[in-house]
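A.B. asks: As a plain string of letters, each chain reads:
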Amino acid sequence: EDQVTQSPEALRLQEGESSSLNCSYTVSGLRGLFWYRQDPGKGPEFLFTLYSAGEEKEKERLKATLTKKESFLHITAPKPEDSATYLCAVQRGGGATNKLIFGTGTLLAVQP
Amino acid sequence: DTEVTQTPKHLVMGMTNKKSLKCEQHMGHRAMYWYKQKAKKPPELMFVYSYEKLSINESVPSRFSPECPNSSLLNLHLHALQPEDSALYLCASSQDRSATNEKLFFGSGTQLSVL
Numbered sequence: 001e002d003q004v005t006q007s008p009e010a011l012r013l014q015e016g017e018s019s020s021l022n023c024s025y026t027v028s029g030l031r032g033l034f035w036y037r038q039d040p041g042k043g044p045e046f047l048f049t050l051y052s053a054g055e056e057k058e059k060e061r062l063k064a065t066l067t068k069k070e071s072f073l074h075i076t077a078p079k080p081e082d083s084a085t086y087l088c089a090v091q092r093g094g095g096a097t098n099k100l101i102f103g104t105g106t107l108l109a110v111q112p
Numbered sequence: 113d114t115e116v117t118q119t120p121k122h123l124v125m126g127m128t129n130k131k132s133l134k135c136e137q138h139m140g141h142r143a144m145y146w147y148k149q150k151a152k153k154p155p156e157l158m159f160v161y162s163y164e165k166l167s168i169n170e171s172v173p174s175r176f177s178p179e180c181p182n183s184s185l186l187n188l189h190l191h192a193l194q195p196e197d198s199a200l201y202l203c204a205s206s207q208d209r210s211a212t213n214e215k216l217f218f219g220s221g222t223q224l225s226v227l
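Heads up: the sequence lines are chains F and Y, in that order. Each residue of the first sequence is one higher than the last, beginning at 1 in our numbering. Each residue of the second sequence is one higher than the last, beginning at 113 in our numbering.
Among these hints, one or two may not hold up.
As the list claims (entries may be wrong) - Simulated crosslink set (DSS-like; lysine-lysine; CA at most 25 Å straight-line):
1. Y:LYS134 - Y:LYS153
2. F:LYS59 - Y:LYS121
3. F:LYS57 - Y:LYS215
4. Y:LYS131 - Y:LYS121
Unchecked claim - A few chain F residues that face chain Y, going by a derived Cβ cut-off under 7 Å, partial list only:
5. LYS42
6. GLY43
7. PRO44
8. PHE46
9. THR49
10. ARG61
11. PHE72
12. THR104
Treat the hints as calculated values from the structure; they're not laboratory data. From the three backbone atoms N, C-alpha and C, an ideal C-beta is built for every residue, glycine too.
All chains should be built: construct the whole structure from the sequences, respecting the hints.
C.D. replies: As structure tokens, then:
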């Protein structure tokens with residue numbers, strides 16, 4: 001069965017304190033792994049797509065990496081405005097569907 | 113314009129009411145989605161429309177009825193809901209549901225409370 005597990009569930013950082021969020025997955029034929037950011041009461045906002053092991057993507061203070069079993073979202077020198085829930089989702093290959101399987105997310109709080 | 117617009121933002125309804133949620137996008141996307149998200153849970157897929165035809169129904173109860181009048185609009189008609197249906201309802205769109213690298217653009221959602 002396809003599964004996406006994110007850890008930790010919640011993370012509190014001081015401004016400037018770098019850290020990483022983890023997304024472990026089991027899926028039949030990974031088509032893509034997606035990272036989204038979600039603010040309270042809002043819809044998820046797309047951050048990155050990763051397709052193959054070894055791939056890395058960067059955007060401002062965020063860097064996403066992918067291995068065959070997990071993905072990491074590295075946050076370098078975070079600011080309070082980075083506080084949000086970060087969702088990981090995987091898309092399974094082998095079918096004409098764009099169904100995403102979401103993890104439960106990591107709630108990040110960055111304190112000034 | 114890279115927005116998905118959802119109305120209303122908040123909705124309170126009784127179990128005997130009939131209401132509709134609306135979603136609009138003008139990005140030329142041909143796939144549109146309804147997701148349901150309970151508090152502190154990930155979004156769960158409900159329906160997918162591809163080229164204005166329903167292509168996926170994730171065994172959603174019939175009290176939820178989707179409609180896609182044209183390529184830019186998506187509605188979700190609600191009737192005889194239960195309190196456990198209270199959630200954030202998210203609409204999303206993508207260029208084409210079968211393409212690779214198919215990122216979804218989400219709206220801000222409708223926060224629904226069923227009394």
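A.B. asks: If a hint holds in the structure, say so; if it doesn't, say that too.
C.D. replies: Do the hints match the structure? See the list:
no.: 1; hint: Y:LYS134 - Y:LYS153; result: holds (23 Å)
no.: 2; hint: F:LYS59 - Y:LYS121; result: violated (30 Å)
no.: 3; hint: F:LYS57 - Y:LYS215; result: holds (15 Å)
no.: 4; hint: Y:LYS131 - Y:LYS121; result: holds (13 Å)
no.: 5; hint: LYS42; result: holds (5 Å)
no.: 6; hint: GLY43; result: holds (3 Å)
no.: 7; hint: PRO44; result: holds (5 Å)
no.: 8; hint: PHE46; result: holds (5 Å)
no.: 9; hint: THR49; result: holds (6 Å)
no.: 10; hint: ARG61; result: violated (20 Å)
no.: 11; hint: PHE72; result: violated (19 Å)
no.: 12; hint: THR104; result: holds (5 Å)
The structure fails hints 2, 10 and 11 (numbered hints given earlier, in ascending order).
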